[in-house]
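Read top to bottom, the protein sequences are chains E and X.
Numbering follows numbering that gives the first Met the number 0, in which position 62 of the first sequence is assigned residue number 61; successive positions increment by one, without gaps.
Numbering follows numbering that gives the first Met the number 0, in which position 334 of the second sequence is assigned residue number 333; successive positions increment by one, without gaps.
It should be emphasised that the hints constitute simulated quantities derived from the structure, not laboratory data.
Among the hints, a few may not be true.
[As the list claims (entries may be wrong)] Listed next, the stretches of chain X that the computed footprint assigns to chain E, with coverage defined by at least 3 CB atoms under 8 Å from CB atoms of chain E: (1) 141 to 149; (2) 203 to 214; (3) 252 to 263; (4) 308 to 317.
The beta-carbon is built from N, C-alpha and C at its ideal position, and this holds for glycine as well.
Residue-level listing of the chains:
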Amino acid sequence: MSVLVDEDTRVVVQGITGGEGKFHTEQMLEYGTNVVAGAVPGKGGQEVAGVPVYDTVQQAVREEDANASVVFVPPAFAADACFEALDARGLDLVVAITEGIPTQDMSRVYRKLSETDTYLVGPNCPGVITPGVAKLGILPGNIFSDGNVGLVSRSGTLTYQVVDNLTNRGIGQTTAIGIGGDPIIGTDFIDALELFEADPDTHAVVMCGEIGGEDEEEAARYIGEHMDTPVAGFIAGRTAPPGKRMGHAGAIVSGSGTGTAESKISALEDNGVPVGDTPEEVADHIEDLL
Amino acid sequence: MKLHEYQAKQVFADAGIPTPASTLATTVDEAVEAAEEIGYPVAIKAQVQVGGRGKAGGIKLVEDAEQAREAAESIIGMDLKGIHVDRVLVEEAVDFVNELYVGVTMDRNEGEPVAMVSTRGGVNIEEVAEEDPDAIAREHIDPAFGMQPYQARKVVYDAGVDRAVANDVASILRTLYQLWDDRDGADAEINPLMVTSDGEVIAADAVMNIDDDALFRQPELAEMEEEAGGGDELEAKADEYGFDYVRLDGNTGIIGNGAGLVMTTLDLVDYYGGAPANFLDVGGGAKAQRIANALDMVFSDDNVDSVVFNIFGGITRGDEVASGINQALEQFEEIPKPVVVRLAGTNAEEGMEILNKELVTVEHTLEDAVQRAVDYAATEEEA
Numbered sequence: 000m001s002v003l004v005d006e007d008t009r010v011v012v013q014g015i016t017g018g019e020g021k022f023h024t025e026q027m028l029e030y031g032t033n034v035v036a037g038a039v040p041g042k043g044g045q046e047v048a049g050v051p052v053y054d055t056v057q058q059a060v061r062e063e064d065a066n067a068s069v070v071f072v073p074p075a076f077a078a079d080a081c082f083e084a085l086d087a088r089g090l091d092l093v094v095a096i097t098e099g100i101p102t103q104d105m106s107r108v109y110r111k112l113s114e115t116d117t118y119l120v121g122p123n124c125p126g127v128i129t130p131g132v133a134k135l136g137i138l139p140g141n142i143f144s145d146g147n148v149g150l151v152s153r154s155g156t157l158t159y160q161v162v163d164n165l166t167n168r169g170i171g172q173t174t175a176i177g178i179g180g181d182p183i184i185g186t187d188f189i190d191a192l193e194l195f196e197a198d199p200d201t202h203a204v205v206m207c208g209e210i211g212g213e214d215e216e217e218a219a220r221y222i223g224e225h226m227d228t229p230v231a232g233f234i235a236g237r238t239a240p241p242g243k244r245m246g247h248a249g250a251i252v253s254g255s256g257t258g259t260a261e262s263k264i265s266a267l268e269d270n271g272v273p274v275g276d277t278p279e280e281v282a283d284h285i286e287d288l289l
Numbered sequence: 000m001k002l003h004e005y006q007a008k009q010v011f012a013d014a015g016i017p018t019p020a021s022t023l024a025t026t027v028d029e030a031v032e033a034a035e036e037i038g039y040p041v042a043i044k045a046q047v048q049v050g051g052r053g054k055a056g057g058i059k060l061v062e063d064a065e066q067a068r069e070a071a072e073s074i075i076g077m078d079l080k081g082i083h084v085d086r087v088l089v090e091e092a093v094d095f096v097n098e099l100y101v102g103v104t105m106d107r108n109e110g111e112p113v114a115m116v117s118t119r120g121g122v123n124i125e126e127v128a129e130e131d132p133d134a135i136a137r138e139h140i141d142p143a144f145g146m147q148p149y150q151a152r153k154v155v156y157d158a159g160v161d162r163a164v165a166n167d168v169a170s171i172l173r174t175l176y177q178l179w180d181d182r183d184g185a186d187a188e189i190n191p192l193m194v195t196s197d198g199e200v201i202a203a204d205a206v207m208n209i210d211d212d213a214l215f216r217q218p219e220l221a222e223m224e225e226e227a228g229g230g231d232e233l234e235a236k237a238d239e240y241g242f243d244y245v246r247l248d249g250n251t252g253i254i255g256n257g258a259g260l261v262m263t264t265l266d267l268v269d270y271y272g273g274a275p276a277n278f279l280d281v282g283g284g285a286k287a288q289r290i291a292n293a294l295d296m297v298f299s300d301d302n303v304d305s306v307v308f309n310i311f312g313g314i315t316r317g318d319e320v321a322s323g324i325n326q327a328l329e330q331f332e333e334i335p336k337p338v339v340v341r342l343a344g345t346n347a348e349e350g351m352e353i354l355n356k357e358l359v360t361v362e363h364t365l366e367d368a369v370q371r372a373v374d375y376a377a378t379e380e381e382a
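Can you make the complete structure from the sequences, with help from the hints?
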């Protein structure tokens, strides 16, 4: 079992004819992902890596039964691509990889999202992978292995680091979800934790947060109140000064001191979630929890 | 991107928000001339982006030409918390009876904008929010519909603004929201919004932060950023190279890929007893030249005593990183600071083979690499 992505996932890649879109479509296919279509306005009828391209997402849903999309569309047009995916009716999952989408655009997408049952993962995220089955996004498949730990993270490369620490100990993963580093994202920690809690094959969860916002604090309360599956945590940005954006648009400690690593770590610990000081320690905690 | 006060005031005034008469001056003579023209009393305000300008001597209220000259001489050219002052705003002093606060920002937890009004303007609003959250009235705005007129009135009345000026304040708030929306604001605020004894409402300060990710469609504002200049030299250099870079005050330089992993590397430097000198994210898929530029960046910081390179390749390839490091270091007769490299992920083994091990120290885990760099930094510092 897994969450969000499984054998039945049929992917349409929005922006498949661009450099990133094409490269990662090939990588996804190589990993075994069932990429059934591409969608790029004006490019209908073409093929990329043997995958048929359609002018609209809705055509791809109708003709190829796509039920998930991955967005590799440049930032200026990415919100429009998300709207198109959400309106296409038939997609259960939209994964937005694009970094640098204006926040006000995402606010409108988020508003639209509240009217649908679709999961929107991202933007500014590495994607979702169910090891051995399929990956939607840019995650390097070779470091993952299948197993019974779920992983949810705001950061791509930090995810790889933690997965590497787990895989090196022979601990595999059910599904890893990169929820993205932007201030406004679709699927958040709580959504992902809910999915893992409901998945009988996920026996423990790693949650990697970072400074900025209050999502980790809310997730910590959710874990304390609603979860039986054990969770171990990691929080990046302990040394970040207030008022500075640390790479991710969402990774900023506000001037008034909200969004600090301390606040997140203590919220997690108060709810019974052990927090590692290093990625290696996170793997230690998971080993103890399993 | 943060607009300077004079830029934000211009944007607000152009949109129809009342602001005090003011002139920008870059020399003492210009400042005095502007003060004479506006009529005393006037305020002379340093145009730099640091908090607490007034307390640091960057704002002076003057009553005549002699005082204006004295103030301008002391402020223009001064060093305000490390930032050189090269321009001042000369501004009509407003005689007020009341100071309000109005602002619009994105509430990231709700994913939608929020408008805020308080009758406790003129002070640090974040402190007010902490001490007495009820003193600030809030109204969330549906981004699909924008701010409705009633919402502006509602939040103004909720805040307890005097009804004699409530309509004017609500109208200013609607204009502010529209500006925020049209100009891709991150935050827009007026603090204080002054109420005069004649019942006029005037924006005595103006704050406008623009979403960096939206600057591509705000060319006018992007130009203002260039015009304003200033800020940290190294951070400006990082902008040129296109790196996410933040300068800190430690001596262990850090280069990595991906925000979360770079932050983690900083945290580990601290955890192992060192002090991070910077945050530098080369981003995804960096090629050799970009890696060389990153090393150049970190070497140009005099505080740096050692450098740790931590790359976990997804779309970034280890061999590209390794040749970039070689390329950068082979230019030197003597390596300026010891460099520790840890490569993992895509093509890490190929990278390890390519790396010139006479020029760098190789470590295989993140923890070992950081500890080694911290040790080097401590030794260099002593030497």
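Going through the hints against the structure:
Under the rule that three or more residues need a Cβ within less than 8 Å of chain E, the assignment of the stretch 141 to 149 of chain X holds, with 3 such residues. Look at the stretch 203 to 214 of chain X against chain E: 4 of its residues bring a Cβ nearer than 8 Å to a Cβ of that chain, three or more, so the hint holds. Under the rule that three or more residues need a Cβ within less than 8 Å of chain E, the assignment of the stretch 252 to 263 of chain X holds, with 9 such residues. Given a C-beta distance limit of less than 8 Å, the hint that chain E covers the stretch 308 to 317 of chain X holds, as 4 residues qualify and 3 suffice.
Of the numbered hints given earlier, the model fails none.
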